[in-house]
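Here is how the chains run, residue by residue.
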Amino acid sequence: MTDDATPGEDRELAQNDGQRFDRLPATDADRTVEGRVSREAVLDYFADRFGIPPETFDDHSFWEKGAGKIWIYGGAAPTPIEIEAIGMTCLRTRQEHWKPTTDFAQRFGRHATDCVIDLDRDAARRFAAGEDQERDWDGDWGYLIAAHEVAGEREPLGVGLYVHGELRSMVPKGRQREL
Amino acid sequence: MEPLERYRPIVDDFEAFLAACRRPLGNAVRANTIKAPVDRTLDALAEDGVAYEQADWNPRVLRLETDSPGSTWSSFHGFTHGQEEVSAVPPVVLDPQPGERVWDCCAAPGGKATQMAALMDDRGTVVANDNNLGRISALRFNAERLGATSLAVTNADARNYSLDRFGFDAFDRTLVDAPCSCEGTIRKNPDALDNWSEGHVSSVAGIQKGIIRRAIQATREGGTVVYSTCTFAPEENEAVVQHALDEESCRVVDFDLGLEYSPGLTEWDEDTYDESLERAARIYPHQNDTGGFFVAKLEVTAP
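Protein sequence lines, in the order shown, are assigned to chains A and B.
Residue numbers for the first sequence follow the working numbering, so the first one is 1 and each next one is one higher.
Residue numbers for the second sequence follow the working numbering, so the first one is 180 and each next one is one higher.
Simulated from the structure, these hints should not be mistaken for lab results.
There's no promise every hint is true.
[Said to hold, decoys possible] Partial selection, computed: residues in chain B whose CB lies under 8 Å from chain A:
{"id": "1", "residue": "Val217"}
{"id": "2", "residue": "Arg219"}
{"id": "3", "residue": "Ala223"}
{"id": "4", "residue": "Glu226"}
{"id": "5", "residue": "Phe255"}
{"id": "6", "residue": "Gly257"}
{"id": "7", "residue": "Val305"}
{"id": "8", "residue": "Arg324"}
{"id": "9", "residue": "Gly326"}
{"id": "10", "residue": "Ser329"}
{"id": "11", "residue": "Leu330"}
{"id": "12", "residue": "Arg344"}
Note that beta-carbon positions come from the ideal geometry of N, C-alpha and C, so glycine has one too.
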C-alpha cells in the first residue's frame, strides 16, 4: 500500500470560498488559503496603527468570508461554517490600506491610543452626517478613528480617512444621522 | 377593536383595557450595556436634551420624551435601541448568563437577541435565527450597531432547525418569541387587527406549536425555554404551551417580574389547560401603560 497524500500536498493552498466563514489562521505560517491574513497580522495591525493592545481580543476569534472581509466573533463555532453572519464585520484586508469598519471603531475604538482624531461637537455632527471637512492633523495620513466627548468620556464616532488636509467621513449611508 | 371583544370575559376592567388599546404608545428605548453602562447613557441623554423616565421593573428600559429617539447621540453610538417596554420582558425572564449558549429562534429584527447578548456581557453564544431573509438584514444592522460580537445569525425554519452547523448538540436557553397575530401591538400599529380572523389565529398557532417543540428538543435537560407572543389569543398562548406539555419533556415554572400582570388561563372556550399555566404572565396594555404580551417560562425535564 502506498499513501498518496504527502505533507507537501497537505500544505497546498486552498481556495477562498465566498459562501462560508473560515477562521483566520493563527500566523502566516499556518495559512492554507492564498491571500488570507492571519490573526497575528490583524492584531499587529490594530496595535501598530491604533495602539489597541492585542489582549483586547483574547476572547475573540477572527473570520474571513469572501476575499478580505474580516469578522470578529466572541461565540463558539466550528470552522468552516455556512451561516448568515458571525459577530460583526471589523476589517477589510486585501487592499493596499486595510480599513476598519465604523461598527468596529465604535465598539473597540475606546481602546485606541494612536490615530484618533478628537472632534468638537459641531465637527462630530458633520462627521456623523457623512460630511468631509478641512482640518489640520499632524499624524499619519490614512484611516483614523474619529472621536468626540460624550458624557465626560472620549467616544469613538467611526472611521475617517485623512488625506491632503481633509478628514473624510467613512460612516456608511445607513449609519449616517443628522444630529 | 372588534376582535378584542372576545376577551371581555377574561380581562379585568375591560373598558380600561379598550381605552388603553386606543391610546398611542410613547417612545421607549433600551440602554445597551454592550456600548455603555446605564449611568453613562442617562448622562448622554441629558446632554442630548432628552428627558427620560427609567422603568421601575428594569433600569435598562427608558421612556423617552421625544418624537425622534433615533436622532440622538445616544442612538448614533448604540447606547440606546428603540424597543417597546414589554418587548424587553422575555429576555429578562429567560435570564441568560455570560458564557452560555442561547438560541433566539425567531430573532429578527434583533431587539431581544441583542438584549440577551447584553445580559450575557457579550460573552457566550447567541444564535439569532429567522426564517425571513429580508428581515435578517435588519437583524444584522442592529447587531452591528449595538456592538454584539457574541451573536451568530442563521436563516432557517425554526421548526426543523439543525444544530449540526455549530458542533454542539444543545442550547442552555432558548427564546421562542413566536410569530403571532400581534393583537398586543395595536397601540404601536393601528392596522394590527385589520387582517384578524379565527383562521389566521389557528394557522399561526400551528406554526407556533412546531417551533416550541423544536425549541424544547434543542435545549438541554435542566435548561430554560421562554415562550412569548405579543398577542392575547389563548389559542396562540396557553394552548401552545399546553401542546408543549403534552408532547415534550418540560414543565411550566414561576418567575419574578416587577410589572403588573394577570395569570395565564386554565380554561378558554371548551378547552382546559394545565393548572401550571397560571404561572404564565398576561400583560395587558392598561396595567402598565404598555403594549400587550404573553410570557411563559419552561424548564426542560428528563425525557
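Hints and how they fare:
Taking 8 Å as the C-beta cut-off, the interface hint given for valine 217 of chain B is violated, the closest approach to chain A being about 11 Å. The interface hint given for arginine 219 of chain B is met, as the beta carbon of that residue sits about 5 Å from the closest beta carbon of chain A, less than 8 Å. For alanine 223 of chain B, the interface hint holds, since its Cβ comes within 8 Å of a Cβ in chain A; the closest pair sits about 4 Å apart. At about 6 Å, the closest approach between the beta carbon of glutamate 226 of chain B and any beta carbon in chain A falls short of 8 Å, and the interface hint on this residue holds.
Hint status for phenylalanine 255 of chain B relative to chain A: holds, with the closest Cβ pair at about 5 Å, below 8 Å. Restraint check, glycine 257 of chain B versus chain A: the minimum CB separation of about 6 Å is within 8 Å; hint holds. With a least beta-carbon distance of about 7 Å to chain A, the hint placing valine 305 of chain B at the interface is held under the 8 Å criterion. With 8 Å as the threshold, the beta carbon of arginine 324 of chain B comes within range of chain A, its nearest partner Cβ sitting at about 6 Å, so the hint holds.
Satisfaction of the interface hint for glycine 326 of chain B is found here, the shortest Cβ-Cβ separation to chain A being roughly 4 Å, below the 8 Å cut-off. A distance limit of 8 Å between C-beta atoms decides the matter here; for serine 329 of chain B the minimum to chain A is near 4 Å, and the interface restraint holds. The interface hint given for leucine 330 of chain B holds, since its Cβ lies 7 Å from the closest Cβ of chain A, which is under the 8 Å cut-off. Interface restraint check: arginine 344 of chain B against chain A, minimum CB-CB distance 6 Å, threshold 8 Å, status holds.
Consistency note: the structure conflicts with earlier hint 1 alone.
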